[in-house]
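Undergrad: The primary structure of each chain is shown beneath.
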Amino acid sequence: MTNTKDLEGSQMLEINFGPQHPSTHGVFRMKVFLEGEKICALDPVMGYLHRNHELIAENLPYAATMAYTDRLDYFNSMANNFGYALAVEKLAGFEVPERAAYIRVIMAELARIVNHLMLIGFLLNDLGAFFTPVLYAFREREKIMDLFEEVSGSRMMCNYFRFGGVKRDLTAENLTFIKRIVSKLPAFLEEFEALLTKNEILCMRCQNVGVLPADLAVNAGITGPVLRASGVNYDIRKVDEYGLYDRFHFKIPLGQKGDVYDRYYVRILEIRESLKILEQALSQIPQGEVLNKKTLPFLKMPRNFKPATGEAYGRIESPKGELGYYLVSDGTPQPWRYHVRAPSLINLTVLEEMCLGQKVADAIIILGSIDIVLGETDR
Amino acid sequence: MIFGTGILKGLFVTLKNFVTSYFRKPDNGGIFTVQYPEERDKAIEAFRNFPFLAYDGTPDKVRCVACGICERECPPKCIHIVMEIDPLGKPARRPSVFEIDHGLCMNCGMCEDVCPFDSIYMDHAFEVTAADRGKELVRPKEALLKSNDYFLKIRPGTATLVDQKRRAAEEKKKLSRAATLPPQGPVS
Ligand code: SF4
Ligand code: SF4
Numbered sequence: 434m435t436n437t438k439d440l441e442g443s444q445m446l447e448i449n450f451g452p453q454h455p456s457t458h459g460v461f462r463m464k465v466f467l468e469g470e471k472i473c474a475l476d477p478v479m480g481y482l483h484r485n486h487e488l489i490a491e492n493l494p495y496a497a498t499m500a501y502t503d504r505l506d507y508f509n510s511m512a513n514n515f516g517y518a519l520a521v522e523k524l525a526g527f528e529v530p531e532r533a534a535y536i537r538v539i540m541a542e543l544a545r546i547v548n549h550l551m552l553i554g555f556l557l558n559d560l561g562a563f564f565t566p567v568l569y570a571f572r573e574r575e576k577i578m579d580l581f582e583e584v585s586g587s588r589m590m591c592n593y594f595r596f597g598g599v600k601r602d603l604t605a606e607n608l609t610f611i612k613r614i615v616s617k618l619p620a621f622l623e624e625f626e627a628l629l630t631k632n633e634i635l636c637m638r639c640q641n642v643g644v645l646p647a648d649l650a651v652n653a654g655i656t657g658p659v660l661r662a663s664g665v666n667y668d669i670r671k672v673d674e675y676g677l678y679d680r681f682h683f684k685i686p687l688g689q690k691g692d693v694y695d696r697y698y699v700r701i702l703e704i705r706e707s708l709k710i711l712e713q714a715l716s717q718i719p720q721g722e723v724l725n726k727k728t729l730p731f732l733k734m735p736r737n738f739k740p741a742t743g744e745a746y747g748r749i750e751s752p753k754g755e756l757g758y759y760l761v762s763d764g765t766p767q768p769w770r771y772h773v774r775a776p777s778l779i780n781l782t783v784l785e786e787m788c789l790g791q792k793v794a795d796a797i798i799i800l801g802s803i804d805i806v807l808g809e810t811d812r
Numbered sequence: 056m057i058f059g060t061g062i063l064k065g066l067f068v069t070l071k072n073f074v075t076s077y078f079r080k081p082d083n084g085g086i087f088t089v090q091y092p093e094e095r096d097k098a099i100e101a102f103r104n105f106p107f108l109a110y111d112g113t114p115d116k117v118r119c120v121a122c123g124i125c126e127r128e129c130p131p132k133c134i135h136i137v138m139e140i141d142p143l144g145k146p147a148r149r150p151s152v153f154e155i156d157h158g159l160c161m162n163c164g165m166c167e168d169v170c171p172f173d174s175i176y177m178d179h180a181f182e183v184t185a186a187d188r189g190k191e192l193v194r195p196k197e198a199l200l201k202s203n204d205y206f207l208k209i210r211p212g213t214a215t216l217v218d219q220k221r222r223a224a225e226e227k228k229k230l231s232r233a234a235t236l237p238p239q240g241p242v243s
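Chains as they are written, first to last, in the numbering used here: chain V, 434 to 812; chain R, 56 to 243.
Each hint should be verified, as a subset may be incorrect.
The following label-pair restraints were derived from C-beta to C-beta distances [as the list claims (entries may be wrong)]:
hint, chain 1, residue 1, chain 2, residue 2, range
1, V, LYS733, R, GLU94, 35 to 41 angstroms
2, V, TYR507, R, ARG79, 26 to 32 angstroms
3, V, ASP679, R, PHE78, 41 to 47 angstroms
Think of the hints as simulated: they come from the structure by calculation, not from any bench. Backbone N, C-alpha and C fix where the C-beta goes; we use that ideal spot for every residue, glycine too.
Please put together the full structure from these sequences, using the hints given.
TA: Right under this line is the structure:
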């Protein structure tokens with residue numbers, strides 16, 4: 434990374450994007466050094482939304498932290514819950530009933546669809562296609578949000594997963610509703626793609642912009658669609674096969690060049706793969722319990738839950754990348770150490786490399802294509 | 056070389072959406088916005104907002120026994136409870152103060168999960184505003200108390216289950232009391 438301190442006082446133009454800037458998707462600041470329109474150095478400044486997430490969790494019983502994980506990546510709280518639940522289950526060795534495991538997969542994939550739809554919408558916003566594509570995406574997202582509200586009680590702060598299962602069972606109506614969403618979405622995607630994928634302006638703005646070479650991506654620890662757009666086949670759903678992902682057939686879409694366009698297109702393809710997983714899950718979902726009987730007393734009395742001394746790392750493929758939760762227990766009701774590996778934060782580290790030599794306007798779409806959420810970056 | 060066919064196609068998509076949105080159903084690509092104060096979305100039973108305290112019959116019959124479990128388990132610690140002391144100086148197993156700071160509450164539902172006395176539940180009322188966040192947002196007991204009938208109205212599924220559970224527990228208590236206690240009646 435260029436040391437921007439050396440550049441201060443030079444002839445270059447130094448401008449600040451953010452922290453209050455609509456294109457930075459939250460309170461994120463980029464210090465950009467320009468020569469004409471060309472970016473010579475870029476310094477990301479984070480931390481405006483720091484809320485002490487990890488320390489709060491170290492002072493709370495394990496069950497109470499679930500509600501706080503919603504607030505990490507507030508666009509897909511279901512995925513955040515999933516990762517945390519996995520970590521605690523690993524730590525304490527809880528089993529998850531079959532039906533609950535299916536519900537988890539369904540919710541996680543719906544969250545992925547929501548996230549990618551939003552991302553594409555906002556990326557188009559950054560490109561200058563103001564709000565028409567976003568609102569088309571929101572129209573579809575709203576149905577999934579309604580479902581989340583029906584099952585969990587809240588649209589965005591779901592707090593739906595519990596260790597050893599989920600909070601509430603899905604009713605037959607809920608399942609029909611999901612089936613309807615799944616059957617309607619492909620038509621919408623067709624239309625969305627007709628609007629976007631071959632559009633000349635989109636192609637010209639996005640192709641060969643913000644290229645991330647595969648070796649740099651791997652070395653920097655990039656995960657998720659950003660890594661896969663660079664052509665690296667790495668998806669934790671396939672690598673770890675957590676949950677029930679070993680039972681479903683789906684492909685991992687890969688990009689070739691690793692430019693903004695690939696990152697956009699990989700996400701469209703991922704939505705299609707998610708739909709495939711959903712179809713399979715909906716046809717296979719069995720009847721039964723949704724919460725392990727052994728964990729119920731711990732949810733009623735969170736302070737009685739004292740996992741044995743040890744550590745656990747639970748990770749999932751969140752829509753943004755590898756979302757990991759690291760827990761160290763010392764046998765007390767609170768974790769001794771709790772750490773979140775947030776994909777947004779780590780994916781941001783290559784922002785400068787992608788932006789160097791590009792125009793100012795490109796920096797904004799490159800940032801948009803990484804898909805960051807500041808709640809997760811700053812924690 | 057650009058011919059602009061993609062742009063024309065895009066404009067066709069937006070035009071199609073604009074026109075058909077007037078004819079389609081809201082869940083099928085039609086106009087789906089709700090003109091809020093006049094129109095309302097359908098109520099969803101599971102919806103949760105700030106908690107309320109349930110009472111049976113009249114507001115003095117609160118179910119809460121001021122055990123303080125929810126106060127301790129609430130993650131942001133926004134509940135404040137003081138136990139009522141009866142004239143004899145003994146704890147009356149009723150709260151004299153029960154406050155929830157709406158400025159802090161994060162609608163997590165933890166209090167509902169942990170309460171062993173079926174007393175605190177998540178409410179549907181979302182139109183709660185205050186001009187002063189220091190005082191008015193700290194809701195006193197009077198503002199939190201709501202009848203069981205209200206609970207039955209907003210969340211029929213959960214409330215019916217809770218009622219059944221409570222009735223069964225009461226029957227059991229009556230039976231065991233009749234079996235063990237002499238006829239002069241309950242002491243507590
Ligand atoms: S609401 Fe329930 S948990 Fe809270 S003090 Fe009253 S009885 Fe105890
Ligand atoms: S909903 Fe959560 S934050 Fe609000 S009072 Fe209950 S436990 Fe506390």
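Undergrad: Does each hint hold? Answer for all of them.
TA: The hints, checked one at a time:
| no. | hint | in the structure |
| --- | --- | --- |
| 1 | V:LYS733 x R:GLU94: 35 to 41 angstroms | 40 angstroms, holds |
| 2 | V:TYR507 x R:ARG79: 26 to 32 angstroms | 30 angstroms, holds |
| 3 | V:ASP679 x R:PHE78: 41 to 47 angstroms | 45 angstroms, holds |
Checked against the numbered hints listed earlier, the structure breaks none of them; every hint is satisfied.
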